[in-house]
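Trainee: Sequence:
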Amino acid sequence: MSVKSVHDLGTDVVRSVVDDLFRRFMNDEDLYPFFSRTRLSFLKIHSLSILKAAYAGLPSEEDLERIFKQHQILFQEKGLGIVHFNKMLHHLEGALAGKGVASSILEKAMNFLDEIKPMFEKGAEYTVPVTVAPTKTKIYFKAVIKETTTPTTSPRELSKSPNSLRGSFREKLTKSPSFMRRSIRIITKGVA
Numbered sequence: 017m018s019v020k021s022v023h024d025l026g027t028d029v030v031r032s033v034v035d036d037l038f039r040r041f042m043n044d045e046d047l048y049p050f051f052s053r054t055r056l057s058f059l060k061i062h063s064l065s066i067l068k069a070a071y072a073g074l075p076s077e078e079d080l081e082r083i084f085k086q087h088q089i090l091f092q093e094k095g096l097g098i099v100h101f102n103k104m105l106h107h108l109e110g111a112l113a114g115k116g117v118a119s120s121i122l123e124k125a126m127n128f129l130d131e132i133k134p135m136f137e138k139g140a141e142y143t144v145p146v147t148v149a150p151t152k153t154k155i156y157f158k159a160v161i162k163e164t165t166t167p168t169t170s171p172r173e174l175s176k177s178p179n180s181l182r183g184s185f186r187e188k189l190t191k192s193p194s195f196m197r198r199s200i201r202i203i204t205k206g207v208a
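The numbering used here puts the first residue of the sequence shown at 17, with every later residue one more than the last.
Calculated from the structure, these hints are not laboratory results.
Heads up, the beta-carbon is just placed ideally off N, CA and C, and yes, glycines get one too.
Treat the hints with caution; some may be incorrect.
As a list, the in silico EDC-like pairs of lysine to aspartate or glutamate whose alpha-carbon atoms are at most 20 Å apart [unchecked claim]: (1) Lys-68 - Asp-79; (2) Lys-68 - Glu-81; (3) Lys-103 - Asp-130; (4) Lys-68 - Glu-137; (5) Lys-138 - Asp-35; (6) Lys-103 - Glu-45; (7) Lys-133 - Glu-78; (8) Lys-103 - Glu-77; (9) Lys-133 - Glu-81; (10) Lys-94 - Glu-45; (11) Lys-133 - Glu-109; (12) Lys-85 - Asp-130; (13) Lys-85 - Glu-131; (14) Lys-60 - Asp-36; (15) Lys-94 - Glu-137; (16) Lys-68 - Asp-35; (17) Lys-68 - Glu-78; (18) Lys-68 - Glu-45; (19) Lys-103 - Asp-28; (20) Lys-94 - Asp-36; (21) Lys-68 - Asp-130; (22) Lys-60 - Glu-137; (23) Lys-115 - Asp-36; (24) Lys-133 - Asp-79; (25) Lys-94 - Asp-35; (26) Lys-103 - Glu-137; (27) Lys-133 - Glu-77; (28) Lys-94 - Asp-46; (29) Lys-103 - Asp-35; (30) Lys-60 - Glu-77; (31) Lys-103 - Asp-36; (32) Lys-138 - Glu-77.
Distance windows between CB atoms, simulated [as the list claims (entries may be wrong)]: (33) Thr-54 - Thr-27: 21 to 31 Å; (34) Asp-28 - Gln-92: 35 to 45 Å; (35) Glu-77 - Gly-97: 34 to 44 Å.
Taking the hints into account, I'd like the entire structure generated from these sequences.
Mentor: Right, here's the structure in full:
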């Protein structure tokens with residue numbers, strides 16, 4: 017059987033690696049503050065997903081953006097940086113080597129993690145590299161709903177007949193933008 021990743025070694029080995037990794041993190045005085053107020057079960061699942069990603073291939077731009085967004089608070093508020101990244105790499109390498117994982121498997125994980133290293137070097141100043149292809153252009157819209165002061169139906173009337181809007185709501189919504197505005201006014205007035 018050829019071993020291509022940590023997962024090919026079996027569930028017990030992977031769990032053992034993750035357990036050892038977090039034991040190392042929690043005993044490191046520089047890394048402990050990042051993990052001390054987080055559920056250990058969540059962190060272990062997170063580590064398993066990182067190991068899985070490390071053997072799935074190099075991260076795409078979407079992966080980098082997702083990883084950055086997930087860690088942005090740590091960069092900005094807790095000062096997560098390259099020193100911490102290097103310590104985590106050292107601990108990961110030690111945990112994998114301690115379980116007898118082959119150097120070729122270890123090298124593959126390190127190559128993946130090298131791709132996300134610039135994110136930790138720049139910390140909060142990091143910007144995700146984006147290439148815009150003519151066929152994959154994304155346009156983002158921002159919708160603003162303004163609350164008006166005079167609803168057309170009072171919340172009291174709605175509470176007396178809760179089914180009055182149900183039957184033809186979709187028809188009214190698609191045919192009349194003003195119905196949508198009235199409905200939003202009613203909802204926002206009723207909630208407050």
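Trainee: Between Lys-68 and Asp-79, is the straight-line Cα distance small enough, at 20 Å or below?
Mentor: Measuring from Cα to Cα gives roughly 13 Å; hence the hint holds.
Trainee: For Lys-68 and Glu-78, compute the direct alpha-carbon distance and say whether it is at most 20 Å.
Mentor: Roughly 16 Å between the alpha carbons, so the hint for Lys-68 and Glu-78 holds.
Trainee: Lys-133 and Asp-79 were given as a pair; does the straight-line alpha-carbon distance stay at or below 20 Å?
Mentor: Holds. Lys-133 to Asp-79 sits at ~13 Å (cutoff 20 Å).
Trainee: Given the hint of 35 to 45 Å, is the C-beta distance from Asp-28 to Gln-92 inside that range or not?
Mentor: holds, 38 Å
Trainee: CA of Lys-103 to CA of Glu-137, is that 20 Å or under?
Mentor: Satisfied, since the Cα-Cα distance of roughly 13 Å is no more than 20 Å.
Trainee: Is Lys-68 close enough to Asp-35, meaning Cα to Cα at most 20 Å?
Mentor: Since the Cα atoms of Lys-68 and Asp-35 sit roughly 16 Å apart, the hinted pair holds (cutoff 20 Å).
Trainee: Are Lys-138 and Glu-77 close enough, with their CA atoms no more than 20 Å apart?
Mentor: holds, 17 Å
Trainee: With the threshold set at 20 Å, check whether the alpha-carbon distance from Lys-103 to Asp-36 stays at or below it.
Mentor: Holds, at about 14 Å.
Trainee: Could you grab the alpha-carbon distance between Lys-138 and Asp-35 and see if it respects the 20 Å cut-off?
Mentor: Between Lys-138 and Asp-35 the Cα gap is close to 29 Å, so the pair fails against 20 Å, i.e. violated.
Trainee: Regarding the pair Lys-60 and Glu-77, is the alpha-carbon distance no greater than 20 Å?
Mentor: violated, 24 Å
Trainee: For the pair supplied as a hint, Lys-94 and Asp-46, confirm whether the alpha-carbon distance does not exceed 20 Å.
Mentor: Distance of about 11 Å is within 20 Å: holds.
Trainee: Between Lys-133 and Glu-109, is the straight-line Cα distance small enough, at 20 Å or below?
Mentor: holds, 15 Å
Figure legend: structure checked against the earlier numbered hints; hints not met, in rising order: 4, 5, 8, 18, 19, 20, 22, 25, 30 and 35.
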